[in-house]
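Q: Going by my numbering, the sequence shown opens with residue 14, and the numbers climb by one from there.
Relax, there's no trap hidden among the hints.
Heads up, simulated PhoX-like pairs for lysine-lysine below, C-alpha to C-alpha not over 25 Å straight-line: (1) Lys275 / Lys535; (2) Lys637 / Lys535; (3) Lys460 / Lys535; (4) Lys540 / Lys275; (5) Lys637 / Lys275; (6) Lys275 / Lys338; (7) Lys540 / Lys338; (8) Lys338 / Lys128; (9) Lys128 / Lys275; (10) Lys637 / Lys540.
Cβ pair distances, simulated, as ranges: (11) Asp296 / Ala237: 26 to 32 Å; (12) Ala532 / Asn101: 57 to 63 Å; (13) Asp296 / Asn101: 45 to 51 Å; (14) Asn101 / Asp262: 24 to 30 Å.
Derived by calculation from the structure, the hints in this document are not laboratory data. The C-beta atom is built at its ideal place from N, Cα and C for all residues, glycine as well.
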Amino acid sequence: MATRLRRFVAANGNRVLAELLLTPRAPIVPNVPVTIDIVGATAGSALTASGLPSGLTLNSAARTITGSVALPGSYAVKVTETLAGRANSPRTVMQTIVVGKTAEIDPTRGSSKYKGGFLLLAEGYRSGQYAARDASGQMNDAVPASLTSPTQAQYAATPGYITFPGGIATQPLVVDRSRVALDLSTDSFILAFTINMALPSGSVFVLGNQVDTTSPGLKLIAAANGNLQPMVTVGGQNVFGNSFGGAIDGTDHRVVIAWDHKSGDLSVALDGAPLTVMPALVDATAGGAATRQATDFFIGGSSVGGTAAQYPAMKLAAMHLLVFKDGLPINLPMVAAQLNALPRRALTNGDLMATASRRVMVIVNGQSNENGSASVPDATRSRGPLLADGVRPLGGNKGSIWPRLSELAAERGTHLMAANFAIGSTSLVHDWCGVLRAWANGLKVDKGTYVLASGNVYKATAVPAQATASTVQPAGTGATQTGADNITWTYMAAARAQDVAGYIYPFTDSYFDPNGYFAAAKAQYLKSRGYDLRAAYIAFGQQDWTLGTTRAEFTQGYINAANYWLDAGATVILGVTCYGAAGDFDTWLTSNPAATPATDPATDTAPGIGGWQDALRYFAGNPKVVAGDNSRYALGVIPSAASVGASRAHTIPAMEGDTIHFNAPAQRARAAVLDRAVQARNLW
Numbered sequence: 014m015a016t017r018l019r020r021f022v023a024a025n026g027n028r029v030l031a032e033l034l035l036t037p038r039a040p041i042v043p044n045v046p047v048t049i050d051i052v053g054a055t056a057g058s059a060l061t062a063s064g065l066p067s068g069l070t071l072n073s074a075a076r077t078i079t080g081s082v083a084l085p086g087s088y089a090v091k092v093t094e095t096l097a098g099r100a101n102s103p104r105t106v107m108q109t110i111v112v113g114k115t116a117e118i119d120p121t122r123g124s125s126k127y128k129g130g131f132l133l134l135a136e137g138y139r140s141g142q143y144a145a146r147d148a149s150g151q152m153n154d155a156v157p158a159s160l161t162s163p164t165q166a167q168y169a170a171t172p173g174y175i176t177f178p179g180g181i182a183t184q185p186l187v188v189d190r191s192r193v194a195l196d197l198s199t200d201s202f203i204l205a206f207t208i209n210m211a212l213p214s215g216s217v218f219v220l221g222n223q224v225d226t227t228s229p230g231l232k233l234i235a236a237a238n239g240n241l242q243p244m245v246t247v248g249g250q251n252v253f254g255n256s257f258g259g260a261i262d263g264t265d266h267r268v269v270i271a272w273d274h275k276s277g278d279l280s281v282a283l284d285g286a287p288l289t290v291m292p293a294l295v296d297a298t299a300g301g302a303a304t305r306q307a308t309d310f311f312i313g314g315s316s317v318g319g320t321a322a323q324y325p326a327m328k329l330a331a332m333h334l335l336v337f338k339d340g341l342p343i344n345l346p347m348v349a350a351q352l353n354a355l356p357r358r359a360l361t362n363g364d365l366m367a368t369a370s371r372r373v374m375v376i377v378n379g380q381s382n383e384n385g386s387a388s389v390p391d392a393t394r395s396r397g398p399l400l401a402d403g404v405r406p407l408g409g410n411k412g413s414i415w416p417r418l419s420e421l422a423a424e425r426g427t428h429l430m431a432a433n434f435a436i437g438s439t440s441l442v443h444d445w446c447g448v449l450r451a452w453a454n455g456l457k458v459d460k461g462t463y464v465l466a467s468g469n470v471y472k473a474t475a476v477p478a479q480a481t482a483s484t485v486q487p488a489g490t491g492a493t494q495t496g497a498d499n500i501t502w503t504y505m506a507a508a509r510a511q512d513v514a515g516y517i518y519p520f521t522d523s524y525f526d527p528n529g530y531f532a533a534a535k536a537q538y539l540k541s542r543g544y545d546l547r548a549a550y551i552a553f554g555q556q557d558w559t560l561g562t563t564r565a566e567f568t569q570g571y572i573n574a575a576n577y578w579l580d581a582g583a584t585v586i587l588g589v590t591c592y593g594a595a596g597d598f599d600t601w602l603t604s605n606p607a608a609t610p611a612t613d614p615a616t617d618t619a620p621g622i623g624g625w626q627d628a629l630r631y632f633a634g635n636p637k638v639v640a641g642d643n644s645r646y647a648l649g650v651i652p653s654a655a656s657v658g659a660s661r662a663h664t665i666p667a668m669e670g671d672t673i674h675f676n677a678p679a680q681r682a683r684a685a686v687l688d689r690a691v692q693a694r695n696l697w
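Put together the whole structure using the sequences plus the hints.
A: Take a look at the structure:
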């Protein structure tokens, strides 16, 4: 199965040592003698090894590792080759030896989940051909579109890289379409590569399907500002993903792109760390010619939208393509980290876990603590999707509960994706559902608050800040008006029968959702596919406290929001926001300040937890509405940042300095509370 790599010549004329591959002659199982060939070793060189499991011995002269291993498991082995006069001596390979499973150098036909792909390594210049050979044993080599343009000097200048000097004469390398033909409707894949590229003068294609803008598949674009942007084409339509920076600066960066065909999600990791997930980027369920790649896979592109084939200058190191027929492995963050640490090492079956047994999408409705407010962002580390703060589409670059919640779910085999629509400083009643207040001088209003004045209904469509005191009464029937208080009011209509002060609009009323927050979240919900469960998570509190929301109003807000999502077909998880030390917020949140996890929340009479409990009682017996987290009872009073000290401000659960937001450890603790709650309801 191993591909023997050819030796090549360095820039100074010295021969260099080739790649080494550890290739078992048979699957390694406990207590059975085995021989592992060290493929690619140069005659006369010396070999040393470390990390060998007990029972295996290196035989330098024979270029083998022999013996037997008693215990199953994965063992990271390092083999170093030394030979005087070789430009890259000593040369080291790191590879995992798997005992008790099929130990292939790449997870090829023997894997139930692996469909195909390649591992391209720069082989060098030989016989007039500058190529990148497939080291996975599948013969999916990348060869130049023109055999005359690349030169020996290109490789000699940058050994170990697939080098593109740039300019009109440069040609891309291509993998023939008959060898690698991705179908976005049936194939999930991981594409990983090391890129070294200076800022281009304009937008250029880097790699993907043969350069055009209509063929189905994936293309990656580098922009003049240093960002990379994926483009997915289905049925002749191009969908651009979110651009991301950090990879185009003239130094090596390792990029991992993962496509999930079940949901249409596109994920990115950069230098081993999860960076972003673009949920439901494109619907590729049509299949057939609309989604199946019909062009060659290219490496080294051209200008985007230009008339001349102006190719960018760049260097690419090892490139992996792993295609899966059953879905992505659930340990995708670990795979990304491994591809970053050892970018030239082939993955084995033991590196890849099975795909998730259950898939869940959560649409997040909330405010800043739900959006992400910790000063240190978070990301999945071992299992789950490549979810990282800020969680799209609205998450800021601060820590939230969602990466940790996703990772906890993945520990039980569940792929949990979150779509973050929480918005800071918003009220469930005022901003999301819509409430009608009788106008009075000094009334605090948010963007979206309705007021009743002189028999008419007006909506605040612009405010200087949330919870601004209104001092100028709206009047008349003009479309909009802005007073000295800088609040802009929009005339809605004369008051209808239901338009009485204190009315909270249900989803059946046209005044519901005054800012369109629910509608935006629902659009994402309707796009989401390939999930066993789609749920809406609702948790509010701080801004409702600021605006003086009563217990009855808070209850009605939860009821109206839940009914909206039930009508859409979602399972509804009703949570309640977390502890805060600002003002008398905690008194508004709970009447049980000394509450513990054993305290019955039904005894709480405060507007926050009391109203939340009233809403849960309203939906008692409805299996589609379940209780989420009550972190106030589960975690108690969270200490202030000042009390824990600067040296521990980011190591233990505490408040941020503003006294209203959780720090990163507290967010992770809250994620565990929510995880236990959904487990108790058998959601995932």
